[in-house]
Amino acid sequence: MGAGDRVVGRTQWCDYPPAALTIPSVGDGMPPNVEAVAARHPDLVVLYNAGPNVTAAQQLERIGIRTVLLDMNRLEDLGPAARTLGRLTGLEQRAESLAAAMDSLRLQPLPPPTASIAFVVWDNPPIIIGHGSYLDQLAAAAGARNVFSDVTAPSAQVSLESIVARNPQWIAVLSDSGTVPAFAKRREWRAVRAVREGHFLLLQGSLFGHPGPRSGEAIRRFRAMLVRNDEGAQHAAHQVLHK
Amino acid sequence: MKWTLLVIVAVLALVTSVILGPAAVPLGELLHSDIVWNLRVPRALLAFLVGGSLGVAGASLQALVRNPLADPFLLGLSGGAGLGAVVAIALHLSGPWALPLAAFAGALAALGLVYRLGLIGGTGGALDPRILLLGGVAIGAFAAAITTAIVSLADAAELRNAFLWLWGGLSGASWDSVLLVVLYIPIPLAVLLAASRPLDLLALGEESAGYLGADVEAVKRRVYLAASLLTAAAVAVSGVIGFVGLVVPHLARLTWGHRHRVLLPAAFLGGGALLAFADTLARTAVAPRELPVGVVTALIGVPVFALLLRRWTIA
Chain A
1 MGAGDRVVGR
11 TQWCDYPPAA
21 LTIPSVGDGM
31 PPNVEAVAAR
41 HPDLVVLYNA
51 GPNVTAAQQL
61 ERIGIRTVLL
71 DMNRLEDLGP
81 AARTLGRLTG
91 LEQRAESLAA
101 AMDSLRLQPL
111 PPPTASIAFV
121 VWDNPPIIIG
131 HGSYLDQLAA
141 AAGARNVFSD
151 VTAPSAQVSL
161 ESIVARNPQW
171 IAVLSDSGTV
181 PAFAKRREWR
191 AVRAVREGHF
201 LLLQGSLFGH
211 PGPRSGEAIR
221 RFRAMLVRND
231 EGAQHAAHQV
241 LHK
Chain B
1 MKWTLLVIVA
11 VLALVTSVIL
21 GPAAVPLGEL
31 LHSDIVWNLR
41 VPRALLAFLV
51 GGSLGVAGAS
61 LQALVRNPLA
71 DPFLLGLSGG
81 AGLGAVVAIA
91 LHLSGPWALP
101 LAAFAGALAA
111 LGLVYRLGLI
121 GGTGGALDPR
131 ILLLGGVAIG
141 AFAAAITTAI
151 VSLADAAELR
161 NAFLWLWGGL
171 SGASWDSVLL
181 VVLYIPIPLA
191 VLLAASRPLD
201 LLALGEESAG
211 YLGADVEAVK
221 RRVYLAASLL
231 TAAAVAVSGV
241 IGFVGLVVPH
251 LARLTWGHRH
261 RVLLPAAFLG
271 GGALLAFADT
281 LARTAVAPRE
291 LPVGVVTALI
301 GVPVFALLLR
311 RWTIA
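Line by line, the protein sequences give chains A and B. Its first residue numbered 1, the first sequence is counted upward by one per residue in our numbering. Its first residue numbered 1, the second sequence is counted upward by one per residue in our numbering.
Per the computed footprint, the stretches of chain B lying under chain A, defined by three or more beta-carbons under 8 Å from a beta-carbon of chain A, are:
1. 21-31
2. 35-42
3. 96-109
4. 170-180
5. 283-296
Bear in mind the hints are in silico, worked out from the structure with no lab data behind them. Note that beta-carbon positions come from the ideal geometry of N, C-alpha and C, so glycine has one too.
Please model the complete structure; the sequences and the hints are all you need to start from.
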């Protein structure tokens, strides 16, 4: 939007674009250290809308600092968030073009799924991503079918047995190190075919982990990974889907 | 009759946990199914062995500290195991067995500290059961405080998941973990069973037990160490599963009386059956989702416990 030069503070998690790293960090964002935030003398504090941050927002308002709580959970939250920020910064026009780009991510028709995946966020107990989450949306937009899309919650603990039974072609994990997770070597996980065959999609957490202006890039990269990773597996997926 | 019934219940719990699961496996294919053979059978066996170990550990510790509220995890082991697990994640220790090993090491460290405190409390190298209890609670709270500090200061998102792991579950069950437990638990179980007669005497009070010929100090040490080593193994393979070690010994005592030679085997079968049954419920009740098994044991355990307390206060 072009308001980068007005940012006076960030959380330790705000690491993109690289220029953001030159701005002083106020520490954690959930909830923020209210004093550290106030010490930066901001006119506006933007917070992620979640329980602990609501209290922090009230505290900041009480000392006369304007706050806004943004929902940033799913693709459809991005357009409205951009418009809200545009209104608050007086950059409505540029915000509108960003918002339109974000809205188009959500409005474009979903491609036919070419592969099936399960997102595993933790291995013991196995926690997977369900239909209610942003990652499920990313997968759908990239042309992958989440085998746990019948689970309505954003994430849920499931039994390993149901992962084996649903037999996804790929196991997607958020991994900043880019290495296959340790559970791939555990005996019980080798009952999952994709684990046995080493079919892991390693998604970089800073790009894929949260919705934002780079969601479009995340979808493109995801799609490219599915196409590049295994042409043979894709072919097999077509056959299964057309049965 | 009582024994026949208990054995039937135990076998039934094992069989149902093999037959039932979130994935539909036809009865005819049960023996050839990869899911059954590599996931359900080891998980059922592990649940049974862990539940049994917790039952025996609980029964022995309740006799040792002469406190009906004693639970295998009351003596600081859960705190130590949690700290071990969180440290392993924070230091990025990798490898498929890093977490269980770190939890086991943490539990052992807590065990050593509590034991040391218990010796300080008693006069002349005697182990004071009251100090064991107090020391256990204190060390547990201390370890939990350090754990929480690490989780809130470090920025690895996985750290929050360490709590999930710690709150218990048998998702990590495999033939490897079953084999480990099968090789490990017979030794502490045998030590405890061998101490059944002195444990009976200990119930009369330490002084009386001494007059009746029990080497009270040696027995207390052996029982504490064996019961804690059982618990440490349980926490390493399945996290902290509450209520099995508290409720099962009481139920067994109500039915089989206070003689440990029969009480301990009954607590083993009862604990095994309860955990295998609870895990079946945890896997199937909300499939494909899964409940933490500790939730199920508490949901079954607490009402049973309340009933027990009622019976005691009325009697």
